[in-house]
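In the order they appear, the protein sequences are chains A and B.
What the first sequence shows, in this note's numbering, is residues 1 to 477, in sequence order.
What the second sequence shows, in this note's numbering, is residues 1 to 405, in sequence order.
Everything labelled a hint here was simulated from the structure, so no lab data went into it.
What you are looking at is a predicted structure, and each value in this text was computed from that prediction instead of being measured.
Wrong hints could be hidden among the right ones.
In silico contact screen, one side only, chain A against chain B (beta carbon under 7 Å); selected entries [stated by the list, open to error]:
1) Asp199
2) Gln202
3) Arg207
4) Glu210
5) Glu218
6) Glu229
7) Pro307
8) Ala398
9) Thr401
10) Ala406
11) Arg450
12) Ala452
13) Leu456
14) Ser470
15) Leu474
Cβ coordinates follow ideal geometry from the N, Cα and C atoms, glycine included.
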Amino acid sequence: MRLKRSASHLRVFRLSSATALNIFKVAMSPGAVAGPRAEEPADRDALRRLLQRLGLGPRPGELDRAVKVGFAATLEGLLHPVGADAGLVSTPVPVFGLEPTAPGAKPGSAARRAVNQQVAARAMELQAWWVDRMAAVDAPLPERLAWFWHGHFATAIGKVRSAPMMLAQNETFRRLGAGDFRELARALIVDPAMLVWLDGAQNRKGRPNENLAREFMELFTLGVGNYTETDVRQAARALTGWRVNRVTGTASLLAAQHDPGPQTIQGTTASLDATGFADLVVARPESAEFIATRMWTRFASTTPPGPATLAALTAAYGPRRDITALLHAIATNPGFRDPAAVLVRQPVEWVVAMLRALRLRPSALPAPAQRALRAGLTQLGQVPFDPPNVGGWPSGTAWLTTAAAAARLTLAQALTPHADLTLVTAAARPARVDATAALLGLSTLRDRTRAALDGLTDNPPQLVALALASPENLVSG
Amino acid sequence: MNSLTRRRFLAASGVTATVAAGAALGWFELIDRARTDPLPTNAHVLVLLTLYGGNDGLGTVIPAADPAYQQARPDLAYAEHEVLPLREGLGLNPGMTGLKKLWDDRHLAIVRGVSYPQPDHSHFRSMAIWQTASPTDPLPTGWLGRWLDASGSDPLLAVSIGPVLPPMLAGATTAGAALPLGGLTLPQGALGRAFTALGQPAPGEPAPQAAAAAAVTDLHRAVTAFASAVNTTAKNTLTARATNGVGGGALAAQLDVVARCIEIGAPSRVYCVSLGGFDTHADERSTQQRLLNQVDSAVAAFLDRMATTDRGRKVVLAAYSEFGRRVAANASQGTDHGTSGPVLIAGQTVIGGFYGDQPSLTDLNDGDLKTTTDFRDTYATLLAKVLDTDPARILGPGRTVATYL
Numbered sequence: 001m002r003l004k005r006s007a008s009h010l011r012v013f014r015l016s017s018a019t020a021l022n023i024f025k026v027a028m029s030p031g032a033v034a035g036p037r038a039e040e041p042a043d044r045d046a047l048r049r050l051l052q053r054l055g056l057g058p059r060p061g062e063l064d065r066a067v068k069v070g071f072a073a074t075l076e077g078l079l080h081p082v083g084a085d086a087g088l089v090s091t092p093v094p095v096f097g098l099e100p101t102a103p104g105a106k107p108g109s110a111a112r113r114a115v116n117q118q119v120a121a122r123a124m125e126l127q128a129w130w131v132d133r134m135a136a137v138d139a140p141l142p143e144r145l146a147w148f149w150h151g152h153f154a155t156a157i158g159k160v161r162s163a164p165m166m167l168a169q170n171e172t173f174r175r176l177g178a179g180d181f182r183e184l185a186r187a188l189i190v191d192p193a194m195l196v197w198l199d200g201a202q203n204r205k206g207r208p209n210e211n212l213a214r215e216f217m218e219l220f221t222l223g224v225g226n227y228t229e230t231d232v233r234q235a236a237r238a239l240t241g242w243r244v245n246r247v248t249g250t251a252s253l254l255a256a257q258h259d260p261g262p263q264t265i266q267g268t269t270a271s272l273d274a275t276g277f278a279d280l281v282v283a284r285p286e287s288a289e290f291i292a293t294r295m296w297t298r299f300a301s302t303t304p305p306g307p308a309t310l311a312a313l314t315a316a317y318g319p320r321r322d323i324t325a326l327l328h329a330i331a332t333n334p335g336f337r338d339p340a341a342v343l344v345r346q347p348v349e350w351v352v353a354m355l356r357a358l359r360l361r362p363s364a365l366p367a368p369a370q371r372a373l374r375a376g377l378t379q380l381g382q383v384p385f386d387p388p389n390v391g392g393w394p395s396g397t398a399w400l401t402t403a404a405a406a407a408r409l410t411l412a413q414a415l416t417p418h419a420d421l422t423l424v425t426a427a428a429r430p431a432r433v434d435a436t437a438a439l440l441g442l443s444t445l446r447d448r449t450r451a452a453l454d455g456l457t458d459n460p461p462q463l464v465a466l467a468l469a470s471p472e473n474l475v476s477g
Numbered sequence: 001m002n003s004l005t006r007r008r009f010l011a012a013s014g015v016t017a018t019v020a021a022g023a024a025l026g027w028f029e030l031i032d033r034a035r036t037d038p039l040p041t042n043a044h045v046l047v048l049l050t051l052y053g054g055n056d057g058l059g060t061v062i063p064a065a066d067p068a069y070q071q072a073r074p075d076l077a078y079a080e081h082e083v084l085p086l087r088e089g090l091g092l093n094p095g096m097t098g099l100k101k102l103w104d105d106r107h108l109a110i111v112r113g114v115s116y117p118q119p120d121h122s123h124f125r126s127m128a129i130w131q132t133a134s135p136t137d138p139l140p141t142g143w144l145g146r147w148l149d150a151s152g153s154d155p156l157l158a159v160s161i162g163p164v165l166p167p168m169l170a171g172a173t174t175a176g177a178a179l180p181l182g183g184l185t186l187p188q189g190a191l192g193r194a195f196t197a198l199g200q201p202a203p204g205e206p207a208p209q210a211a212a213a214a215a216v217t218d219l220h221r222a223v224t225a226f227a228s229a230v231n232t233t234a235k236n237t238l239t240a241r242a243t244n245g246v247g248g249g250a251l252a253a254q255l256d257v258v259a260r261c262i263e264i265g266a267p268s269r270v271y272c273v274s275l276g277g278f279d280t281h282a283d284e285r286s287t288q289q290r291l292l293n294q295v296d297s298a299v300a301a302f303l304d305r306m307a308t309t310d311r312g313r314k315v316v317l318a319a320y321s322e323f324g325r326r327v328a329a330n331a332s333q334g335t336d337h338g339t340s341g342p343v344l345i346a347g348q349t350v351i352g353g354f355y356g357d358q359p360s361l362t363d364l365n366d367g368d369l370k371t372t373t374d375f376r377d378t379y380a381t382l383l384a385k386v387l388d389t390d391p392a393r394i395l396g397p398g399r400t401v402a403t404y405l
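Just chain B, same shape as in the assembly (with noise of 0.2 Å):
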C-alpha cells in the first residue's frame, strides 16, 4: 500500500458510528467563535501530526553510527556521514534540515522507542490502538474524542483539517470538527436560493439523508465566511495530490490554514493534520528521504510562523507514526512492518533533548524494536502539559508525565 489516508482508516476503524455529527461544523462556526469568544492569548495548543503508512523510525532518527545498522540494511543504511548529527551516535535523517535547526535551537525533543505492548503489525489495527490509546481492548472512542467529551462537549475544541474526521477525535458524546479544504464556491441567483433550502432538516428522514443535508447548510455558511483563504489554500494542495499523490504541499497547506486559524484566535485548542505514504516495502531510502522531506519544509516553516506571535509561541507539535519497521531491511530495498519509532516534539515551549532510551538494534523481538517509551506517557504529558488536563481521566490510571514540557 503506498498511501494510508485518514479515510483509509476510517473505513478500518470501528469508531466511524459517531463521526459524522461534529463533521457538520464548519468553517463559519469557527471563524463566528474567533469574533465573539477567542481562544486566550496565553492557551496552549496542540497540532498533531499523524504520518500513515508506518514511517521508518531508524530511517528518521538513524542510529548512522551503530556497525548492527549498517549490517542490518547494506542497501538501505546512511553512512555516517550523510546523516544530521544530534548526539549519542544519532543523526537526522538527510532531508530534515528545518528540525535539526530546531534541535540546535533546542525545540526539538525526541521520544525515543515509542510503541505499546505486544505490538500488531497491521496499520489498521495499530493505528487503531494509537487513535484510541488502548492496547488491549478495542475502544468505540479516540483519546482526543474523550478530551472532548470531558472538556465541555465542544467539537471546535478540536478539528481535523481534511474532509474526512479521524476517529482519535471521536468520542462518546462529541466529535471533533473537519473543516475541509477547497469546494468553498456556490451558485447565485434562483439555483443557489433553492440550494440553500436543501439544506433544512426534514423530520423524521434517515441518520445519513439528515447528515448530507447538514452538510449543505454548513457549506454555505462557511462559504460566506471562510472562501478566499480556504480556496487558496485548496489550489496548493490539489496542485499537490495531482503531481505526486501525497503531497508535502499538501501537508504545508493542511498547516497553513492551522496557521490561519490561530492567527485569527479561533477556539480549537488541537489541530489534527497529516501525511501518508510512509508504507515503504520498497525502494524505501529515496520514498522516505522526500517524504521526510516534505514534513521537514511543511513543519519548520509552520513553526517559524508561529513564532511571530503571542499565540502561535504557545503551540506545540507532535508527529507520530502507527509503526516504525522491521531492523532488517527486505528484499526489495525496503522494509517491512515493525514495532517502535520516535516521536517528534517541537515548539517554543519545548525543552529540546532525547528523551526515553533508544531502543537496542542486537537485543530485539523476533526482528523487532522492543519498546522503551509506551505512547499513552507521551499522550499523557501532552494532555497534562498542553491541554492542561489530568491525564487519568482519559487514559486511566499509572501514566507518567515527562519533562520535555
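So that you can see chain A by itself, here it is in the shape it has in the complex (with noise of 0.2 Å):
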C-alpha cells in the first residue's frame, strides 16, 4: 500500500518537473513569470527552509516563485532539475597541469619552497572554483548534496597536496551524490585522494594499516558502536594493496600486496575486497539509520530522528540506498516543518547564501574582495576542502562565536558595496529595511534587528551587510 501510494506520488512530481525547474530559471530574469498554482496552500516558511537546506539559499524572486508554484512541486525540481544550467556551464571544472615536483630538492630549498607555492596555489584556485560553482548554479541540490558528502567524506587537501585528486573527488560526490550510497561508498573507498588521506595507500598485506578500515566504518557508513575492534582489523586486511599514482591521479590494485582473505567481518566470512566490503557494511541495517539519521540531522532539525521518523526515513532510502528518496523523505517529513528545527548556517551556507541573494559572482569580483572571501572563509572556520579533519566540520552552535561575529560583518561589508541593491535604493527609507529583508528571503525581523538597522536606511551596501550579519541571517529558521 505505502509502495503504490508514494510510487503515484513520484510520477505527479515527475509530471511537473519542467514547471518546477522554471522556479530557479525565472528568477534569472527580472519580472517574475506566474506559474501554475499548486493544490496543497503554499507554506512560505517550508518552502525557505526547502530553498535553504536543499538549496543553497534562493536568489532574488525565488522565494516568491516558489511560494507560487508549491511546496511539492519546487521539491521536485530541486530533486529532479532538467534542462540546461547555465550557471553550471559558465563555471567548468579548472583543468590542471601535472603535478608540480622537484625530485630530490631538499626540505627548506627553494625548489622545494616553488613546488610548495604552486601546490597552495592550485588549492586556492580549486577552492575559488568551487565557490564560484555554488554561487552560480540554478540548479543547486548537485552542488548542495556535493558539499553534504564532502562534509561527511571528509578529506582536506593539507594532507593529499593534489588539487586533481581533490577535484576528481568532488566531482565523484556530484556524480554520485544523489543516487545510490553503495555506488558512492564503493567509490570512495578506493578514491584516490581518500587512499591517500587515511593511509590506505599504504595498507599492505601482513602489515596492514587501520586507518581507512576504521573511519570508514565509524564515520562514513555505521557510526561507533556498530562495530568491533575485530571488524577494524579484518577490514583492513580486505583493504590492503591499493596504490596511489599521484602523477596520474588514480589507484590501483596490487594483487601481490593484497591479502586474499578470507577475512571475518561483521559476522561474514569470505574473501573480501574493497567493494565487497563497503557492500557488506553498507547493507547492514544500522548503516542505513546511521545515513539517514546524518542527512536528517543536517538538513532537517538537530534533534535526531524519533523511532517512527527513523522507519520512516530507513524504509525511503531502502534496500537500493537511494539517496534521492531518503531526501524526499526527510523534506515531506511533518519534522521538516518544526518552528522548533532551527539550523544553524554553517559558513560556507552562509557565504554562498549570501552570494547568491546578492547575485555576486566571486570570479567577477575585482581582487581585494575575492582575498577578503578567502579571508573571510578562513577566519570563519571554513575552508571548502580543507576540514579540520576526517570527522568534518561541527553543526550548530558551534559556529556562534564573538570571534565569527566580528568576521561576518567584515566580509559582509567587503562584498555588499559589489552587490546590485536596486531593490534596496529604489525604496523609499522608511521601505528599505523590509527591502533588505525580501532580498535576503529573511523571515520575520525581531525588533531589536529591525532598530539596528533602522540606523542604516542612509547607507545601503551598510544596511544590507549588517542584515547580513544578523542573528536573523544566521540561522535557518
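Two chains, each in its own frame: build the complex with the hints.
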C-alpha cells in the first residue's frame, strides 16, 4: 500500500518537474512569470527552509516563485532538475596540469618552496572555483549534496596535496551523490584522495594500516558502536594492496600486496575486497539508520529522528540505498516543518547564500574583494576542501562565536558595495529595511534587528551588510 | 586523519547541547573580574593540555633500552643514544629538551601506563571517555563541567582558549567559557552602533538565534577590554596555523594568553589548551618529534614564565592524549590506534619522578599495552591537590590520590 502510493506520487511530481525548474530559471530574469498554482496551500516558511537547506539559498525572486508553485513542485524541481544549467556551464571545472614536483630537493630549499607555492596556488584555485560554482548554479542540489558529502567523507587537501585528486573526489560526489549510496561508498573507499588521506595507499598484506578501515565504519557508514575492533582489523586486511599514482591521480590494486583473506567482518566470512567490504557494511540495517540520521540532522533538525521518523526515512532509503528518496522523505516529513527545527548555517552555507542573494559571482569580483572572501572563510573556520579532520565540520551553535560575529560583518562589508542593491536603493527610506529582508529572503525581523537596521537606511551597502550579519540570517529558521 | 581538533571532537561528542550558554562569556567578564574579584595569590591553577589524535606514548617516554621496543618498531625506534635519558631505561623524545630540564629539576612527574578499562580505539569515543571521565556509560557532562557545577556554577572558573568549548568543560548547569583568539576589531560610527544593537536579546527567538545575538554583545564587551593583547597573540596563531596547519606556535600563543590571564589575576582555576595532529598512522617519527618539540618549547617557556610570579608558581600543567598507539609499527612507518600512554604533569609544586608501572612490551593485550594507571586516579589527584575538591563528588567513590602533588 505504501509503495503504491509513493510510486504514484512520484509520477505526479515528474509531470510537473519542467515547470518546477522554472522557479530557478525565471529568477534569473527580472519580472516573474506566474506559474500554475499548486493544489496545497503555499507554505512560505517551509519553502524558505527548502530553498536554504536542499538548495543553497534563494536568489532574488526565487522564494516568491516557489510560493506560487507550491512545496511539492518546488521539491520536485530541486530533486529532479531538467534542462540546461547556465550557471553550471559558466563554471567549468578547472584544468590542472601535471603535479608540480622537485625530485631530490631538500626540505627548505628554493625548489621545494616553489613546489609548495604551486601546490598552495592550485588548492586556492580549486577552492575559489567551488565557491564560484555554488554561487552560479541554477539547479543547486548537486552542489548542495556535493557539499554535504564533502563534509561526510571529509578529506583535506592539506595532507592530500593534490588539487586534481581533490577535484576528482568532488566530481564523484556530484556524479553519485544523489543516487545509490552503495555506489558512492564503493567509489570513495578506493578514491585516490581518500587513499592518501587515510593512509589506505600504505596498507599492505601482512602489515595493515587500519586508518581507512576504521573511519570508513565509524564515520562514513555505520557509526561508533556498530562494529568491533576485530571488524576493524579484518577490514583493514580486506583493504590492503591499493596504491595511488600521484602523477596520473589514479588508484590501482596490486594483487601481490592484497590479502586475499578470508576475512570475517560483521559475522560474515568471505574473501573480501574493497567493494565486497563496502557492500557488506552498507547493507547493514545500522548503516541505513546511521546515514538517515546523519542526513536528517544536517537537513532537517539537530534533534535526531524519533523511531517513527527513522523508520519512515530508512523505508524510503530502502535496500537500494536511494539518497534522493531519503532526501524526499526528509523534506516531506512533518518534522521538517517543526518551528523548533532551527539549523545554524555553516560558514560556507552563509557565504554562498549571501553571494546568491546579492547575485555576486566571486570570480567577477575585484581582487581585494576576492581576498576578503578567502580571508573571511578562513577566519570563520570553514575553507572548502580543507576540513579540520576526517570527522568534517561541526554543525550547530559551535559556529556562533564572538570571533565569527566580527568576521561575518567584515566579510559582508567587503562584498555589499559590489552588489546590485537596486531593490533596496529604489525603495523609499522607511521601506528599505523590509526591502533588505526581502532581498535576503529573511523571515520576520525581530524589533531589535529592525531598530538596528533603521539606523543605516541612508547607507544601503552597510544596511545590507548588517542584515547579513544579523542573528536572523545566521540560522535557517 | 591528520589534525583532530576540539571542534571535531565537539561535533562527535554527546556533550554539545549545553555548550553554547557559557561560550557567551568572554574577555570582558574575565578582565572585569580580575579587577573586582581577583584570584587569591595562593590559589592553585590547573592548565590542561589535550593532545588530539592519539599521541604515541612509546615515542614520548621511550623504552629505548628494551630490546622488545627495538624489535617491534624496526624502522621507527629511537636508539638508546638518541633519547634524553631519564631512569629505568627510559628516555624522553629528543625533541623534548625543555621538559628534560624540568625532569632534572624534579618538577616533572611522568605517570605511566594511563588509560581506562577496555580501551576503545575510536578517537572520538576514547576522547569522550577521557573528557567525561566515564569509561562505561556515555555521560552528558564533562569532568570539569561537573566540577564547575559543584563549585558555584561560575563559567569563568574554567576557560578554554580558542573559539570552541571542549566537552570536558560542559556541566549539567554550567559550561566553562571559550575565549576566542583574534577578530577583536570592530567597525566604528553608525555601523558600529547598529552592530552593537544587534546583540540585544529578542523575546521568544529560537535558541540558536539568541546565541548568535549573545555572541555579538560579548564581542563588543571583549574588544574594549582585551583587544590589544589578544590580537597580537592571534596574529601569531594565525601565522602558525597558516604555515603548518597545526602549529606549536598555536599552542605557544594559547599559553601566552593563559599566562596573561594568570598574571592579571583572572578568576579562573582551570585553563584548557590543545594541540592536534598526533594521529601518526604514517611517517610517525618526524611528525611526532616535530609536534613534541612544539609542545616542549611552548610548555617549557610557559612554565619558566610562571616560575617568576607568586601566582605562576601555583600553576600545574597536565598533558594527556586520548590513547597511545599500537606497540608494533605498521607498514607505513607509523602506528595504529593503541591504548595506554603517559600523562605528563609539571610545575613548581610537582614532585618529579615516575609514577605508576611502565607497561610491559611483551605481556600485551591483543598487541596493545596494558593499563597500569586508571586515568581517573590522575583526575582525582588534580581535583584533590590542585582544585581542592573531593574527587568522589566528581568521579564517584574509590579513586586513589597519587603523591606527585
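Hint check:
1. Asp199: Interface hint status for Asp199 of chain A: holds (4 Å vs cutoff 7 Å).
2. Gln202: holds (3 Å)
3. Arg207: With Cβ-Cβ at 3 Å, under 7 Å, it holds.
4. Glu210: Result: holds, 4 Å to nearest chain B Cβ.
5. Glu218: holds (6 Å)
6. Glu229: Since the shortest Cβ distance to chain B is 6 Å, the answer is holds.
7. Pro307: Given a least distance of 19 Å, the restraint on Pro307 of chain A is violated.
8. Ala398: At about 5 Å, which falls below the 7 Å cut-off, the nearest Cβ of chain B leaves the hint on Ala398 of chain A intact, so it holds.
9. Thr401: The hint holds - Thr401 of chain A has a Cβ within 7 Å of chain B, the shortest such distance being about 4 Å.
10. Ala406: Where the cut-off is 7 Å and the nearest Cβ of chain B is about 4 Å from Ala406 of chain A, the hint holds.
11. Arg450: violated (10 Å)
12. Ala452: holds (4 Å)
13. Leu456: Check passed: Cβ of Leu456 of chain A comes within 5 Å of chain B, closer than 7 Å.
14. Ser470: holds (6 Å)
15. Leu474: holds (4 Å)
The structure does not agree with the numbered hints 7 and 11 stated previously, though it agrees with the rest.
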